[in-house]
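Please put together the full structure from these sequences, using the hints given.
Protein chains: 2
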Amino acid sequence: MPSISDRGRLMPASPIRRLVPYSEEAKRKGRKVYHLNIGQPDIPTPEVAINALRNINQKVLEYSHSAGNESYRRKLATYYQKIGINIDFHEILITTGGSEAILFALMSCINPGEEVIIPEPFYANYNGFATTAGVKIVPVTSYIKDDFALPAITDIEKKISSKTKGIIVCNPNNPTGYLYSKEELLHLKEIVKKHDLFLFSDEAYREFCYDGAEHFSAMNLEGIENNVIMLDSVSKRYSECGIRIGALITKNKEIISTALKFAQARLSPPGLGQIAAEASIDTPDNYFKEVNREYTARRNFMVEALNKIPGVYCPKPKGAFYTVVKLPVDDAEKFAQWLLEEFDYNNQTVMVAPGSGFYSTPGSGKNEVRIAYVLKIEDLKNAMMILEEALAIYPGREKF
Amino acid sequence: MPSISDRGRLMPASPIRRLVPYSEEAKRKGRKVYHLNIGQPDIPTPEVAINALRNINQKVLEYSHSAGNESYRRKLATYYQKIGINIDFHEILITTGGSEAILFALMSCINPGEEVIIPEPFYANYNGFATTAGVKIVPVTSYIKDDFALPAITDIEKKISSKTKGIIVCNPNNPTGYLYSKEELLHLKEIVKKHDLFLFSDEAYREFCYDGAEHFSAMNLEGIENNVIMLDSVSKRYSECGIRIGALITKNKEIISTALKFAQARLSPPGLGQIAAEASIDTPDNYFKEVNREYTARRNFMVEALNKIPGVYCPKPKGAFYTVVKLPVDDAEKFAQWLLEEFDYNNQTVMVAPGSGFYSTPGSGKNEVRIAYVLKIEDLKNAMMILEEALAIYPGREKF
Chain G
1 MPSISDRGRL
11 MPASPIRRLV
21 PYSEEAKRKG
31 RKVYHLNIGQ
41 PDIPTPEVAI
51 NALRNINQKV
61 LEYSHSAGNE
71 SYRRKLATYY
81 QKIGINIDFH
91 EILITTGGSE
101 AILFALMSCI
111 NPGEEVIIPE
121 PFYANYNGFA
131 TTAGVKIVPV
141 TSYIKDDFAL
151 PAITDIEKKI
161 SSKTKGIIVC
171 NPNNPTGYLY
181 SKEELLHLKE
191 IVKKHDLFLF
201 SDEAYREFCY
211 DGAEHFSAMN
221 LEGIENNVIM
231 LDSVSKRYSE
241 CGIRIGALIT
251 KNKEIISTAL
261 KFAQARLSPP
271 GLGQIAAEAS
281 IDTPDNYFKE
291 VNREYTARRN
301 FMVEALNKIP
311 GVYCPKPKGA
321 FYTVVKLPVD
331 DAEKFAQWLL
341 EEFDYNNQTV
351 MVAPGSGFYS
361 TPGSGKNEVR
371 IAYVLKIEDL
381 KNAMMILEEA
391 LAIYPGREKF
Chain C
1 MPSISDRGRL
11 MPASPIRRLV
21 PYSEEAKRKG
31 RKVYHLNIGQ
41 PDIPTPEVAI
51 NALRNINQKV
61 LEYSHSAGNE
71 SYRRKLATYY
81 QKIGINIDFH
91 EILITTGGSE
101 AILFALMSCI
111 NPGEEVIIPE
121 PFYANYNGFA
131 TTAGVKIVPV
141 TSYIKDDFAL
151 PAITDIEKKI
161 SSKTKGIIVC
171 NPNNPTGYLY
181 SKEELLHLKE
191 IVKKHDLFLF
201 SDEAYREFCY
211 DGAEHFSAMN
221 LEGIENNVIM
231 LDSVSKRYSE
241 CGIRIGALIT
251 KNKEIISTAL
261 KFAQARLSPP
271 GLGQIAAEAS
281 IDTPDNYFKE
291 VNREYTARRN
301 FMVEALNKIP
311 GVYCPKPKGA
321 FYTVVKLPVD
331 DAEKFAQWLL
341 EEFDYNNQTV
351 MVAPGSGFYS
361 TPGSGKNEVR
371 IAYVLKIEDL
381 KNAMMILEEA
391 LAIYPGREKF
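Residue numbers (our numbering), protein chains in the order written: chain G, 1 to 400; chain C, 1 to 400.
Simulated from the structure, these hints should not be mistaken for laboratory data. Incorrect hints may have been included.
Remember, identical chains collapse to one label, so a pair may be satisfied in a single copy or spanning two.
[Unchecked claim] DSS-like cross-link-like pairs, simulated, lysine-lysine; straight-line CA separation at most 30 angstroms:
#1 K136 <-> K163
#2 K75 <-> K27
#3 K29 <-> K59
#4 K59 <-> K75
#5 K163 <-> K334
#6 K194 <-> K163
#7 K136 <-> K253
#8 K253 <-> K27
#9 K29 <-> K253
#10 K82 <-> K326
#11 K27 <-> K366
#12 K316 <-> K32
#13 K75 <-> K32
This is the structure:
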């Protein structure tokens, strides 16, 4: 039997999925598990999207253009223009989820063995895409004591080597919920310009900004238009994660035409998803106001509840629907497993994502977990109570 | 401005797409273009698939399992069992089109720099996936004089080096339409066993076998179960190319669990496509009989019409809906461009795919084109007449 590839062996298993068998076992035992571990929102998909599918009138479900249907790209350009990002439809490549946009960007821009800098903690699947593309991730640590703000320029510059080709930022950030300010992006611009790097800006959570904070897109950084590649997704914006529609967007014509070659090899992005995504652009503004109101309330409740638990620290993030929380435990990975395997409170428990999976530096994030506030407030209330009970009796609790 | 990656530069542009600007220009001039160049069937998608979408009742279009919905995998296993391929749903990974199945298979099994042998002419996008995965394609030529039968074992073995990790076959074959016999597959089995290689079997055209010929799946080769990886797609089977649903199937547990890691990084295959694909399994048998009757008639007409044109040779393929045809021209690439740029017959022309794009050996396929018989007979009649007229006056016509 021939051996699998080294890349296959090195490919990281998702740090969240590792715990899935334990959560399944807990459910088999009849326990209710509150899922704080995944970014699957419970918000309904806009009706305009579902209705577009119900009214489908194609006779043949044909391939679309490799770059995505022109009608969708044109309409998507108007969405960006409306929010102050000046994009022409030729600068858009529709992808199979934001995931494929990230992969195409790395494949198009970075050689195997070259490096990309990412502030950690970072979205764990960047590891998988980097392994797929043979690219080395060089982490630059951000800290919970700073609410995970962008590391200092000097810290980032220390990580730049002759192999560095770019920087990836996720804004608002998954997993920290941190919203990078315009000033922080201007700092990034300086580095990018000085060292002639690509700036990969993952803006999938753009719509999720709270307390009136405004999102500043990397596409609006003047003077580095050819360096910036925006990665986007409709998954969270319209709560339609399953349709797998994203986009790679850049003013750099060479990157668009290179990414298009990767896109042509896989023929086309999902056609049905494009129908839903195109229709979603007509989602009424009220929908977003309601969603924002709901997430703000969830966040406010959750941050307060977490900070009331002895030994717990939770920053108050301004974006996305995640937060990285410091827990008074020996090892958050063990704690997460214990919650599913051994603990219950009135036959209920919670599932959290261990922080270490979001760090590239060994040993980091050991007493942190990522919590997604994608549950209704009633459920969050229960989940926070259960977490508090669990921390009170967890054998590996840190002593004060 | 930072430079793109070497891989991005080396990534081949689709040999078919290169001509697209010329076809668009021809259409702008008001010419009707008969598309014999692409594998987009005109056959209607089964109504059960479209109806499943019309009756969609999800409130949230959620992520599915990374390996695909369990309900779909279970039902897909019954489809395989019905056609005599014994597969359990755990041996199935649902992918984003057959394209992603090929990419995951290469990524999981082959290291950058290692080699895979493919009988040429071959599906041109294998080049793109190989470039993406850093894998080297080693062609072993099949010949039109043999109707593109599997090359002799000795010819294949000559190509095996210490870097060879596997063999890719597409059966029935795109672009040649050749249907490999059970005997040919048994020959492949001997090679695979002797040299401990992977056998990647792309069976996307399984349902398209004519003249009562039966398809023999590589999954049914006994004794090499851990070597065989079947790559499949619903695109052609149910004429739903645009939904992007395929599958990677293998009895090799290590490959399934490795491919699943690549699948987890991209989260899930398209959810809406899975709804359509799952419903499609209930397509009545009549549909396939009708489709088979239609393609048989198209093939019979087309092969006869082509062979009547002086200097043209067309084998009579037993599978898929393509054929590679020898034309009396200096350079089929130039001829294909000339058809679009300079020729018209009553304001009509045809678009064909130059043969060279399907070969890896430089200079091969220069007087061949791939023709897809995906048009109604009336249109095929016109297209064949136009092709005959064009060949009669083409300046680069081969002299007899």
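Against the structure, the hints come out as follows:
For the identical chains of this complex, K136 and K163 are neighbours both inside a copy (9 angstroms) and across copies (25 angstroms), given an alpha-carbon limit of 30 angstroms. Taking CA atoms no more than 30 angstroms apart as the test, K75 paired with K27 passes between copies only; the shortest distance there is 25 angstroms, against 43 angstroms inside one copy. For the identical chains of this complex, K29 and K59 are inter-copy neighbours only, at 28 angstroms across copies versus 47 angstroms inside a copy, given an alpha-carbon limit of 30 angstroms. Taking CA atoms no more than 30 angstroms apart as the test, K59 paired with K75 passes in both settings, with 24 angstroms inside one copy and 24 angstroms between copies.
Proximity of K163 and K334 under a CA criterion of 30 angstroms is satisfied in neither setting, with 36 angstroms inside one chain copy and 42 angstroms between copies. When the C-alpha separation of K194 and K163 is checked against a cutoff of 30 angstroms, the pair qualifies only within one copy, where the shortest distance is 15 angstroms, while the shortest distance between copies is 42 angstroms. Within a single copy, K136 and K253 get their C-alpha atoms as close as 25 angstroms, and across copies as close as 28 angstroms, so both meet the 30 angstroms cut-off. When the C-alpha separation of K253 and K27 is checked against a cutoff of 30 angstroms, the pair qualifies only between copies, where the shortest distance is 26 angstroms, while the shortest distance within a copy is 50 angstroms.
Only between protomers do K29 and K253 lie at most 30 angstroms apart by alpha-carbon distance; the minimum there is 28 angstroms, versus 55 angstroms within a single protomer. Taking the closest pair of Cα atoms, K82 and K326 never come within 30 angstroms of each other, the shortest separation being 38 angstroms inside a single copy and 54 angstroms across copies. For the identical chains of this complex, K27 and K366 are intra-copy neighbours only, at 26 angstroms inside a copy versus 62 angstroms across copies, given an alpha-carbon limit of 30 angstroms. For a Cα distance limit of 30 angstroms, the shortest separation of K316 from K32 inside one copy, 28 angstroms, qualifies, whereas the shortest one across copies, 62 angstroms, does not.
Proximity of K75 and K32 under a CA criterion of 30 angstroms is satisfied inter-copy only: 29 angstroms between copies versus 42 angstroms inside one chain copy.
Violated hints for the displayed structure, listed by number in ascending order: 5 and 10.
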